[in-house]
Amino acid sequence: FKTLSPWSIAETAAPALSTNKVLIRHVIGERDDTRELNRQFHERLTKLKIPHEYSEIPNVGHDAPGLFAAINDGKSK
Numbered sequence: 004f005k006t007l008s009p010w011s012i013a014e015t016a017a018p019a020l021s022t023n024k025v026l027i028r029h030v031i032g033e034r035d036d037t038r039e040l041n042r043q044f045h046e047r048l049t050k051l052k053i054p055h056e057y058s059e060i061p062n063v064g065h066d067a068p069g070l071f072a073a074i075n076d077g078k079s080k
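The numbering used here numbers the first residue of the sequence shown as 4 and each following residue consecutively.
Since the hints were derived computationally from the structure, they do not count as laboratory data. Possibly wrong hints are sitting among the right ones.
[Unchecked claim] Straight-line Cα separation of at most 16 Å, EDC-like style, residue types lysine to aspartate or glutamate; simulated pairs:
1. K52 to E14
2. K50 to E14
3. K24 to E56
[Unchecked claim] Derived CB-CB ranges, DEER-like:
4. P54 to S8: 19 to 27 Å
5. D66 to A19: 30 to 38 Å
6. N75 to E14: 15 to 23 Å
7. N23 to R47: 13 to 21 Å
For each residue, glycine too, the CB sits at the ideal point set by N, CA and C.
The task is simple: from the sequences and hints, build the whole structure.
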């Protein structure tokens, strides 16, 4: 489980992700119950110097269609 965790993968893959300029776009709704965990993961990516974009979408919960709609409306980077 830990080996397949995004937290572990980020650390293991950090050099390749940085060198190959992989686009990571991390989008979360401000009303999502997992927002704090996502903020912590964003901080981990930053500490590992993994380039990424992080956005929190206002008035959206844990709702993939709502996030996609907000991204398409330009409410996210």
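Here is what the structure says about each hint:
Of the pairs offered as hints, the one joining K52 and E14 holds, with about 10 Å between alpha carbons and a cut-off of 16 Å not exceeded. Only pairs whose Cα atoms come within 16 Å are accepted, and K50 paired with E14 is accepted, the gap being roughly 10 Å. This hinted pair checks out: K24 and E56 have alpha carbons roughly 12 Å apart, not beyond 16 Å. Judged by the Cβ atoms, the range 19 to 27 Å given for P54 and S8 holds: they are separated by roughly 20 Å.
In this structure, D66 and A19 meet the distance hint of 30 to 38 Å, their C-beta atoms being roughly 32 Å apart. A hinted range of 15 to 23 Å is violated for the C-beta pair N75 and E14, which are about 32 Å apart. Distance hint check: the CB atoms of N23 and R47 are about 19 Å apart, consistent with the given range 13 to 21 Å.
Checked against the numbered hints above, the structure violates only hint 6.
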